[in-house]
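Trainee: In case you want the letters, here they are:
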Amino acid sequence: MTAAANTSGALPASVDAMLELLTSRGYLAERSLATVTYLSLRMGRPLFLEGEAGVGKTEIAKVLSAALGRKLIRLQCYEGLDVSSAVYEWNSASQMIAIRMAEAAGDTDRDQLSSDIFADRFLIKRPLLQALEPDVAGPPVLLIDELDRADEAFEAYLLEILSDFQVTIPEFGTVRAPSPPIVIITSNRTREIHDALKRRCLYHWVDYPSAERELAIVKTRVPGISAKLSQQVVRFVQALRNQDFYKSPGVAETIDWATALSELDARSLTPQVVGDTLGALLKYQDDIVRMQGDALQKVLKDATSD
Amino acid sequence: MAINHLAPEKTEQFADNIVGFARALRAAGLPVGPGAVIDAANALQVIDIGSRADVFTTLEAIFVKRHEHALIFKQAFNLFFRASEEWKHLLDSVPLPDHAKKKPPPASRRVQEAMSQPQMTETPQRQEQDLRLSVSDKEVLQKKDFAQMSAAEISEALRAVERMKLPQAELLTRRHRPDARGLRLDLRRTLRASLHTGGDIIDIHRLGRIEKPAPIVALLDISGSMSEYTRLFLHFLHAITDARKRVSVFLFGTRLTNVTRALRQRDPDEALASCSASVEDWAGGTRISASLHNFNKLWARRVLSQGAIVLLISDGLEREADSKLAFEMDRLHRSCRRLIWLNPLLRFGGFEAKAQGIKMMLPHVDEFRPVHNLSSIQELITTLSRPLPPHHRSLIRSAA
Chain A
1118 MTAAANTSGA LPASVDAMLE LLTSRGYLAE RSLATVTYLS LRMGRPLFLE
1168 GEAGVGKTEI AKVLSAALGR KLIRLQCYEG LDVSSAVYEW NSASQMIAIR
1218 MAEAAGDTDR DQLSSDIFAD RFLIKRPLLQ ALEPDVAGPP VLLIDELDRA
1268 DEAFEAYLLE ILSDFQVTIP EFGTVRAPSP PIVIITSNRT REIHDALKRR
1318 CLYHWVDYPS AERELAIVKT RVPGISAKLS QQVVRFVQAL RNQDFYKSPG
1368 VAETIDWATA LSELDARSLT PQVVGDTLGA LLKYQDDIVR MQGDALQKVL
1418 KDATSD
Chain B
196 MAINHLAPEK TEQFADNIVG FARALRAAGL PVGPGAVIDA ANALQVIDIG
246 SRADVFTTLE AIFVKRHEHA LIFKQAFNLF FRASEEWKHL LDSVPLPDHA
296 KKKPPPASRR VQEAMSQPQM TETPQRQEQD LRLSVSDKEV LQKKDFAQMS
346 AAEISEALRA VERMKLPQAE LLTRRHRPDA RGLRLDLRRT LRASLHTGGD
396 IIDIHRLGRI EKPAPIVALL DISGSMSEYT RLFLHFLHAI TDARKRVSVF
446 LFGTRLTNVT RALRQRDPDE ALASCSASVE DWAGGTRISA SLHNFNKLWA
496 RRVLSQGAIV LLISDGLERE ADSKLAFEMD RLHRSCRRLI WLNPLLRFGG
546 FEAKAQGIKM MLPHVDEFRP VHNLSSIQEL ITTLSRPLPP HHRSLIRSAA
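Chains as they are written, first to last, in our numbering: chain A, 1118 to 1423; chain B, 196 to 595.
Simulated from the structure, these hints should not be mistaken for lab results.
The reader is advised that the hints may include incorrect statements.
With a Cα cut of at most 25 Å, we get these calculated SDA-like pairs of lysine to any residue [claimed, not checked]:
| id | chain 1 | residue 1 | chain 2 | residue 2 |
| --- | --- | --- | --- | --- |
| 1 | A | 1242 | B | 388 |
| 2 | B | 492 | A | 1269 |
| 3 | A | 1315 | A | 1168 |
| 4 | B | 407 | B | 578 |
| 5 | B | 492 | A | 1242 |
| 6 | A | 1415 | A | 1372 |
| 7 | B | 519 | A | 1414 |
| 8 | B | 407 | A | 1270 |
| 9 | A | 1315 | A | 1176 |
| 10 | B | 492 | A | 1262 |
| 11 | B | 519 | A | 1407 |
| 12 | B | 519 | B | 420 |
| 13 | B | 519 | A | 1402 |
| 14 | B | 407 | B | 374 |
Only part of the chain B face toward chain A is listed, based on derived beta-carbon distances under 10 Å [claimed, not checked]:
| id | residue |
| --- | --- |
| 15 | 231 |
| 16 | 241 |
| 17 | 257 |
| 18 | 259 |
| 19 | 346 |
| 20 | 383 |
| 21 | 385 |
| 22 | 390 |
| 23 | 405 |
| 24 | 460 |
| 25 | 492 |
| 26 | 498 |
| 27 | 563 |
| 28 | 565 |
We treat Cβ as the ideally placed atom computed from N, Cα and C, and that holds for glycine.
Build the full structure now, drawing on both the sequences and the hints.
Mentor: Written as structure tokens, this is what we have:
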């Protein structure tokens, strides 16, 4: 598959093509991730990605939408997310005005009134309903981000949408997607997602990348960085992940840190510069405290030795 | 080479292999339904089955739905689809477990006991005994230490524990439901109702916030020194798990085990049996610090995230009491809404926190309570229903 074919929005025809497609947009995926993504596109099944924060779960949805030229619709989950903010809501104020207008015009046919009031133009479409609508560029990419933050009730609601790609609005009828959207669901595992939902999806655990791949990622995402510094950065981060931290740094943190170091014009890692920028990598005070003095020296020595 | 390019008899063979593999996974404890088998067969149509790695990822994405199962899957895959990639001989390579050798299910013990009950002629005597127990001994039973109970008393206590209901300390959520006295206007329903009267609003519908019980996370020490209490506490926790939704239970001795799923089984005997089957270090030593560390690292963010109340049930007798223990306790304390330490040692009147471990842990708990007899469990229940400390009060309403 060539780059020319990608711009036409066609789905990749093999795992290798998928890998190439992601790489062309700067996302260096493991082959396993490319395989499940390819499968989810071919089988029309939602893709459920779990893994630590900052390993690139959300990013893949963005990259897919850009690479395939599809619209990206993002639903950020939070506790208390309900139908009116995730699926649809009626524009009550406008409906009220319409009723008054009808009244002023002397229109008193009740059935007519209710069918006028619950029409498409008074419907405020939220992300899930938007994702079911036809789009000229093809079915959109629907990103349901951090599903673990929403509560169980919302999760149960998703079951219908994800298996039939339809929504029932009592006053309006059933809205059904002409062709199912590409669905990516992410979770940080702050709560277990019910098996019923996972069963409808392809599941994949996104792990931290290998040192080799991470180095390639840093080089792609932080173009100005020197070869020596990027190597040291990756070695340092990989060593940190072996330590027993409360929150290990993800790939996103590695990129942040490499960018920070590159902004500071650092040539190589020194205790001073690492100490000043450690906050880009570690986000808990306890972890930062543990990485001071001898512990830091040791990791640093391993990372900078040739 | 895709499967649809194969000769028909090969395709059939392939389907057989998938079914066989799914059966092996099921036998190994993975929840694999028939839908997944169909999915797997479909998925293998669209990828190159010549590549072992791709087949692995594909089957993993379909059969594994929890990260914990990935390891089992990997082993099963390697066993089943041996490196030879000789697809033909795969089906008979994995011996399926012999179901006939299984132990009788746990509840059957009760059935057997019920069957061997004394005959009708002896019944009056038993009734008399029960009556006696219900009047005078009941009070004694309330105060009696679990560790000193006879078998009959324990079974009586178990029944009492099962009857106990945990009051619901309610958390207000941000979800709404129709509520005539609610504070928020339900415009949608109001408008719909107004259509009956040609657009005149007569009834105003309102929404109130949904309340739900705060999650409870129990960490139960099952080391040797606690052995006289564990069974009763497990019964208590089973009763809670049965009654409300968000309860997680962990057992720890030298290592930490999540037994929430095991406790979900309705029958208490079955639940307790599958609980003890999943624990490897029953009545062994204690490593509180290491267990708490594991909990903090692997589970805290997953089970404490929604304002959970933590019940730590332990005697606090830790050999390796050092600053690490205090550190882990502090972390646990900071990540939950309320940390209640239940300690059976508190039954002794002149109890002083002399043991090093207890000294380390005490500063980090919100509450330190005895839990060794029925009345102390009853008191615990009362405590849990009380309103939470002031800085949380805005969110909580206790249901009296």
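Trainee: Need the status of pair residue 492 (chain B), residue 1262 (chain A): alpha-carbon distance at most 25 Å?
Mentor: holds (23 Å)
Trainee: Sort out whether residue 1402 (chain A) lies within 25 Å of residue 519 (chain B), counting only the CA atoms.
Mentor: Roughly 16 Å separates the two Cα atoms, so the pair holds.
Trainee: Sort out whether residue 1242 (chain A) lies within 25 Å of residue 492 (chain B), counting only the CA atoms.
Mentor: violated (40 Å)
Trainee: Mind checking the alpha carbons of residue 1315 (chain A) and residue 1176 (chain A) for me, to see if they're no more than 25 Å apart?
Mentor: holds (20 Å)
Trainee: Does residue 1415 (chain A) pair with residue 1372 (chain A) here, judged by a C-alpha cut-off of 25 Å?
Mentor: Within the cut-off at roughly 22 Å; holds.
Trainee: If you take the shortest Cβ to Cβ gap from residue 259 (chain B) to chain A, is it below 10 Å?
Mentor: Hint on residue 259 (chain B): holds, closest Cβ of chain A at ~6 Å, below 10 Å.
Trainee: Is residue 519 (chain B) close enough to residue 420 (chain B), meaning Cα to Cα at most 25 Å?
Mentor: holds (22 Å)
Trainee: Under the criterion that the straight-line Cα-Cα distance not exceed 25 Å, is the pair residue 519 (chain B), residue 1407 (chain A) satisfied?
Mentor: With Cα atoms ~12 Å apart, residue 519 (chain B) and residue 1407 (chain A) stay inside 25 Å; holds.
Trainee: Given residue 405 (chain B) as an interface hint, is its Cβ closer than 10 Å to any Cβ of chain A?
Mentor: holds (8 Å)
Trainee: Checking one constraint from the list: CA of residue 407 (chain B) to CA of residue 578 (chain B), max 25 Å. Satisfied?
Mentor: The hint holds at about 18 Å.
Trainee: Tell me if residue 565 (chain B) is really an interface residue toward chain A, meaning its C-beta lies closer than 10 Å to one of theirs.
Mentor: violated (32 Å)
Trainee: Per the CB criterion, is residue 460 (chain B) less than 10 Å away from chain A?
Mentor: Cβ of residue 460 (chain B) sits 16 Å from chain A, so the hint is violated.
Comparing the model with each earlier hint shows violations of hints 5, 19, 24, 27, 28; every other hint is respected.
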